[in-house]
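Engineer: Sequence:
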Amino acid sequence: MYYLFYASFIVLFSLSISVQAGLPSKVYGVNLGSWLVLEAWMLPQGWLDMGGQQCNDCSQCIATEFEFARAYPNTVDEIFDKHWSSWFNQTDVNALVEAGINTVRIPLGYWIVEALVDRKTEFYPRGGIHHLKRGLRELKDAGIVSILDHHALPGVQTPGQMFTGRCTSDVEFYTDYNYHRALVWTAVMTALSHLDPDFSNVIAIEAVNEPIMNATLTPGYGDFQKNFVQVVRAVEHTLGIFGPWSWPKMTGTDASEFILAVENTTSFSSNPEVQSALKEALPILVQIGLELEWSDIKHMFTSLYKREPLHTSFMDINWQYSNPANPSAAQSGPQVYDNHLYYSFGGVADANEQAYMESICNLQRVEADAALGNSPLVFGEWALTTQFTASDEFLINWADAQKLAYTKGAGWIFWNFKVENSTLSGDLGRQWSYLEAVQRGYFDRDPSKLHDTHVCDGYIQ
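With mature numbering (1 follows the signal peptide of the UniProt record, and there is no 0) applied, the sequence shown covers -21 to -1, 1 to 440.
No lab work stands behind these hints, which were simulated from the structure alone.
Treat the hints with care, as some may be off.
Said to hold, decoys possible - Within a straight-line C-alpha distance of at most 25 Å, the following computed SDA-like cross-link-like pairs (lysine to any residue) qualify:
(1) Lys428 to Val72
(2) Lys61 to Lys205
(3) Lys99 to Asp149
(4) Lys5 to Pro313
(5) Lys99 to Ser65
(6) Lys119 to Ser65
(7) Lys387 to Lys428
(8) Lys205 to Thr137
To be verified - Computed beta-carbon distance windows for the label pairs:
(9) Asp120 to Val327: 31 to 41 Å
(10) Asn302 to Asn400: 38 to 48 Å
(11) Asn302 to Ser401: 42 to 52 Å
(12) Pro198 to Ser401: 37 to 47 Å
(13) Ala308 to Ala50: 42 to 52 Å
(14) Val327 to Ala350: 17 to 27 Å
(15) Asp425 to Gly1: 19 to 29 Å
(16) Asn68 to Asp97: 23 to 33 Å
All C-beta atoms in this analysis are idealised placements derived from N, C-alpha and C, irrespective of residue type, glycine included.
Please model the entire structure based on the sequences and the hints provided.
Structural biologist: Next up, the structure:
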């Protein structure tokens, strides 16, 4: 009875969703970094106040969520609940609206789907899903669309990085076990994006943030890309959201028909990974529905509205080298591509103003990706950071030139919406915080505008 009741509810809910938002004609966005995947360098004083530590090698101290949860198992959930409430809330949404932002990219860890965590060997805070729902509701009410970015993958996808949730050289994401967990996560998040009205501003799910660049170290990643898309589309088919890639949709609201739809979807697909991911996701989704108290609102919706499929999203093919898989080969339905560009980490241009401007003003990433089918392209991470001390005058030009380059594609998403403002953080926000950069005048309050539309004229080669 428990299963049938919630199956009936899920079907009712799926047939009564409000219209879903689509990809803006031009993306002007920010990342909500350090919210649901905390990166201590972005809030150094706050992290110490929480009980974290600082060290040169982030694997050697309490510098990540994993180590924090392991060190403070009895208080981690309460401490992180306060962080989630304070780091991003309605005040921040209001600031984004005032700054003209139309899109946010939300970094998420796999542990937001708590059933996927092996609590014997993996340590993360619990309760983040409630804050994701709250934040999405606030963003939806403000007319801002959201991309759910799988930023920290099971097993860790990149070595030595805080953004993976665990700073380690032991990278285990590129295994059958962890690929599978990521697919179950994908099925759950796809279903939530269509079932829960607070998620109705979600327009895309990104498969993997910043995989290892050397494709020889990411075995099976190309197959995972195809499985990821198939899982998203299979969930949507089950819920009656379909396109030219889909199969006959479910038409009723009977619980047995919903169960049959899941079975038909998995029977139709010969891919065992898609089959098992959907079957494993269903009881997890039921449990999340209980936690989010869906039963309190199941009678609020009575009309069937048109819903659109999500965009699947990948880092572009040129993110990797050594004969990487092309994510365009996985496409089935709407798909968008992501590229990240930071000059401050080196390897892009010589560390001076002239070299930076020549590089960005002649950037060919949009064209190079389009030639390989990776279009539309959104620059999902970038900043005003430099390898040299930059003047205010240069940062105005640097902001204009980057925006000019990135809007040749589908748009841009700045890293980050904010960072901590404290004595310990110093001048961190000057080049890492979008909202501070707006206040300083580096960015116009209208993100579509430039201070100087001819900023690149003297640098074009």
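Engineer: Indicate, hint by hint, whether the structure satisfies it.
Structural biologist: Do the hints match the structure? See the list:
Using a Cα cut-off of 25 Å, the hinted pair lysine 428 and valine 72 holds, with the two alpha carbons roughly 21 Å apart. For a cut-off of 25 Å, the pair hint linking lysine 61 to lysine 205 is broken: about 38 Å separates their Cα positions. The suggested pairing of lysine 99 with aspartate 149 holds, with an alpha-carbon distance near 17 Å, which does not exceed 25 Å. Between lysine 5 and proline 313 the alpha-carbon distance is near 16 Å, which keeps this suggested pair within the 25 Å criterion.
Taken as a hint, the lysine 99 and serine 65 pair is broken in the structure, with Cα atoms around 30 Å apart against an allowance of 25 Å. The suggested pairing of lysine 119 with serine 65 holds, with an alpha-carbon distance near 19 Å, which does not exceed 25 Å. With a C-alpha separation of about 14 Å, the suggested pairing of lysine 387 with lysine 428 holds against the 25 Å cut-off. Restraint check for lysine 205 and threonine 137: the C-alpha separation of about 20 Å stays at or below 25 Å, so the hint holds.
Separated by about 39 Å at the C-beta atoms, aspartate 120 and valine 327 satisfy the suggested range of 31 to 41 Å. Between asparagine 302 and asparagine 400 the Cβ separation comes to about 45 Å, which falls inside the hinted range of 38 to 48 Å. Distance hint for asparagine 302 and serine 401: a CB-CB separation of about 45 Å, consistent with the stated range 42 to 52 Å. Taken as a hint, the range 37 to 47 Å holds for the pair proline 198 and serine 401, whose Cβ atoms sit roughly 43 Å apart.
In this structure, alanine 308 and alanine 50 meet the distance hint of 42 to 52 Å, their C-beta atoms being roughly 43 Å apart. Our hint of 17 to 27 Å for valine 327 and alanine 350 holds, since their Cβ atoms are close to 21 Å apart. Distance hint check: the CB atoms of aspartate 425 and glycine 1 are about 22 Å apart, consistent with the given range 19 to 29 Å. The hinted window of 23 to 33 Å between asparagine 68 and aspartate 97 holds, with their beta carbons roughly 31 Å apart.
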